[in-house]
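Colleague: Protein chains in written order, with the working numbering: chain Y, 1 to 114; chain W, 1 to 114.
Hints are computed from structural coordinates only; laboratory data are not their basis.
Some hints could be false.
[Unchecked claim] Calculated lysine to any residue pairs in the SDA-like style (CA-CA distance at most 20 Å, straight line):
(1) Y:Lys101 to W:Val95
(2) Y:Lys101 to W:Glu54
(3) Y:Lys49 to W:Asp97
(4) Y:Lys111 to W:His73
(5) Y:Lys101 to W:Glu62
(6) Y:Lys101 to W:Ile60
(7) Y:Lys101 to W:Phe64
(8) Y:Lys101 to W:Val19
(9) W:Lys57 to Y:Tyr32
(10) Y:Lys49 to Y:Glu15
(11) Y:Lys49 to Y:Asn68
(12) W:Lys9 to W:Arg26
(13) Y:Lys58 to Y:Pro18
(14) W:Lys9 to Y:Ser3
(15) Y:Lys101 to W:Asn59
(16) Y:Lys101 to W:Gln67
(17) W:Lys57 to Y:Pro18
(18) Y:Lys101 to W:Ser38
(19) Y:Lys101 to W:Gly42
(20) Y:Lys101 to W:Lys9
[Stated by the list, open to error] Residues of chain Y placed beyond 10 Å of chain W at every Cβ, according to the derived structure:
(21) Asn41
(22) Leu44
(23) Gln45
[Stated by the list, open to error] Pairwise CB distance ranges, derived in the manner of DEER restraints:
(24) W:Val114 to Y:Glu15: 39 to 45 Å
(25) Y:Glu66 to W:Glu62: 29 to 35 Å
(26) Y:Ala1 to W:Glu62: 18 to 24 Å
(27) W:Gly52 to Y:Tyr39: 29 to 35 Å
(28) W:Leu39 to Y:Ala1: 19 to 25 Å
(29) W:Gly16 to Y:Ser9: 30 to 36 Å
(30) Y:Ser9 to W:Lys57: 40 to 46 Å
(31) Y:Ser70 to W:Gln41: 27 to 33 Å
(32) W:Ile60 to Y:Asp8: 28 to 34 Å
We put the CB at the ideal spot given by N, CA and C, even for glycine.
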Amino acid sequence: AQSVTQLDSQVPVFEEAPVELRCNYSSSVSVYLFWYVQYPNQGLQLLLKYLSGSTLVKGINGFEAEFNKSQTSFHLRKPSVHISDTAEYFCAVSVTGGGNKLTFGTGTQLKVEL
Amino acid sequence: DSGVTQTPKHLITATGQRVTLRCSPRSGDLSVYWYQQSLDQGLQFLIQYYNGEERAKGNILERFSAQQFPDLHSELNLSSLELGDSALYFCASSVGDNLGEGYTFGSGTRLTVV
């Protein structure tokens, strides 16, 4: 079975600073990888996804992530964060050919401060 | 507005009771997914329906059941409620049965069991 680890439960960062949110996955087969964002009192919104091809994936709101198969990682990055990026970020994985079930990590709370 | 509608937004009920959560998928989407989000267990996949048929099952308790109707809306029924069932229940939808599309989430139903 696949699993996802988000080691950082909280990441504080100052506005306009860069940020990296870490995600590692475990799977014995090929995977699809996703990052979702959840703003307070809202549902989850898809930021970006990796299915195949280029390992650098660009998403909405200036976020990008890089798939690293050898390190089984899919870290999320943004070169300059804004106050409005304060939210909870979830990494998720699904195995290819394994249906549509997404396995989510425990989330990382990004807090952007002035 | 994501296009996925969940009602009610909030629900408070007593232990032992039964509730029904409703989800209307985004127009054109055939798949509906239910997830439970709680503080101790994070986001857990419950069940998926595709065009009226059950497609995948996750960590769904026997006290819980779901169905998808011909008009594609879905209902999640929770019975013999316990305090531990208090959580945010999300519905998501996608066009088909192909995870590559990603999900669109609703804003959730917050269930409080007292």
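Colleague: Any hints this thing doesn't respect? Which numbers, in order?
Modeller: Hints 4, 8, 10, 14, 17, 20, 21, 22, 23, 25 and 30 contradicted; others consistent.
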